[in-house]
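Here are the chains, one letter per residue:
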Amino acid sequence: DSGVTQTPKHLITATGQRVTLRCSPRSGDLSVYWYQQSLDQGLQFLIQYYNGEERAKGNILERFSAQQFPDLHSELNLSSLELGDSALYFCASSGGGWDRVSYGYTFGSGTRLTVV
Amino acid sequence: AQSVTQLDSHVSVSEGTPVLLRCNYSSSYSPSLFWYVQHPNKGLQLLLKYTSAATLVKGINGFEAEFKKSETSFHLTKPSAHMSDAAEYFCVVSDKGQGGKLIFGQGTELSVKP
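For the protein sequence lines, the chains are P and E, in the order given. First residue of the first sequence: 53, per the working numbering; consecutive thereafter. First residue of the second sequence: 2, per the working numbering; consecutive thereafter.
Next up, chain P with everything else stripped away, as it sits in the complex (with noise of 0.2 Å):
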């Protein structure tokens, strides 16, 4: 156990739905980030929370967003479902300042979702 907790593990959906993943952090951490992973492209980047802010973004489509909660768990939301979106999502988990990853991440051990 990472102490990165993700939910649900797996998730069956139809095109064009909305659904929402969850991610509570390693106690103490700060930080939250979320990332894909599909076969084509790889491990990308797409948000990073801090402390309840926004602080970077990455390769996030305009129909997913996310949002940290003052208790610090995340939830990233998903709509307008396509075929393309199926694929791993991870979240991660970061302590030190917004900007400090000197020390890597902890991630869960992530989202696997499949639109059909």
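If you're looking for bench data, these hints aren't it; they were derived computationally from the structure. One or more hints might be untrue.
Said to hold, decoys possible - A partial selection of chain E residues facing chain P, derived with a Cβ cut-off under 10 Å: (1) Val14; (2) Leu21; (3) Asn25; (4) Ser29; (5) Tyr30.
Unchecked claim - Chain P is nowhere near these chain E residues, computed Cβ spacing over 10 Å in every case: (6) Asp9; (7) Ser13; (8) Glu16; (9) Val20; (10) Arg23; (11) Ser33; (12) Gln46; (13) Asn62; (14) Phe64; (15) Lys70; (16) Glu72; (17) Thr78; (18) Asp86; (19) Ala88; (20) Gln107; (21) Val113.
As the list claims (entries may be wrong) - List of simulated lysine-lysine pairs, DSS-like, C-alpha gap at most 30 Å: (22) P:Lys61 to E:Lys43; (23) E:Lys59 to E:Lys43; (24) E:Lys69 to E:Lys50; (25) E:Lys43 to E:Lys114; (26) E:Lys50 to E:Lys114; (27) E:Lys70 to E:Lys50; (28) E:Lys50 to P:Lys61; (29) P:Lys109 to P:Lys61; (30) E:Lys114 to P:Lys109; (31) E:Lys59 to E:Lys114; (32) E:Lys69 to E:Lys59; (33) P:Lys61 to E:Lys69; (34) E:Lys70 to E:Lys59; (35) P:Lys109 to E:Lys43.
By construction, the Cβ of each residue, glycine as well, lies at the ideal position given by its N, Cα and C atoms.
Could you slot chain E onto chain P? The hints should help.
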């Protein structure tokens, strides 16, 4: 901008033989570098990290990596492969310019033959 190139998409070794997974990076300043491992249907686990201290970094499960600034390389090695080492390995560089973003290489799949 930082980038990472893993020179081999797939490496196959026999159990008990050395492992070498190659990684080159591009960075405009002193980077932090990492190797992560992903076993099938599992999350990503940190193997080791370089953060401008010793250039030879020891990680978990007998893995090591050497930071060579002149060659912009951070190759991962292990003296003797074990069947349980079969996994996907990612070389990663931190992006100081954009918060805590990590930039991942495309991954190297390591196969270990009995």
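E:Lys70 remote from chain P - nearest C-beta pair above 10 Å:
Given that every Cβ of chain P is farther than 10 Å from that of E:Lys70, nearest at about 17 Å, it holds.
Exclusion check [E:Ala88 not at the chain P interface, CB over 10 Å]
With a cut-off of 10 Å, E:Ala88 remains clear of chain P, as the shortest Cβ separation is near 14 Å.
Any CB of chain P closer than 10 Å to the CB of E:Val14?
23 Å, violated
When you check the alpha-carbon spacing of E:Lys69 and E:Lys59, does it fall within 30 Å?
15 Å, holds
Can we confirm that no CB of chain P comes within 10 Å of the CB of E:Val113?
22 Å, holds
Check the non-interface label on E:Thr78: least C-beta distance to chain P beyond 10 Å or not.
Holds: least Cβ distance 19 Å, greater than 10 Å.
Grab the minimum C-beta distance from E:Ser29 to chain P and call the hint holds if it beats 10 Å, violated otherwise.
Because about 16 Å separates E:Ser29 from the closest Cβ in chain P, which is outside the 10 Å limit, the hint is violated.
Separation of E:Gln107 from chain P, once the least beta-carbon distance is taken, above 10 Å:
5 Å, violated
For the pair supplied as a hint, P:Lys61 and E:Lys43, is the alpha-carbon distance within the 30 Å limit?
This hinted pair holds, its Cα atoms lying about 11 Å apart.
No chain P beta carbon within 10 Å of E:Val20's:
Holds, because the least Cβ-Cβ distance between E:Val20 and chain P comes to about 21 Å, which exceeds 10 Å.
Distance restraint between E:Lys59 and E:Lys43, which requires alpha-carbon spacing of 30 Å or less
Holds: E:Lys59 and E:Lys43 sit about 23 Å apart, inside 30 Å.
Verify the proposed pairing of P:Lys61 with E:Lys69, using a straight-line Cα cut of 30 Å.
39 Å, violated
Hint compliance for this structure: hints 1, 2, 3, 4, 5, 11, 12, 20, 30, 33 are broken, all remaining hints hold.
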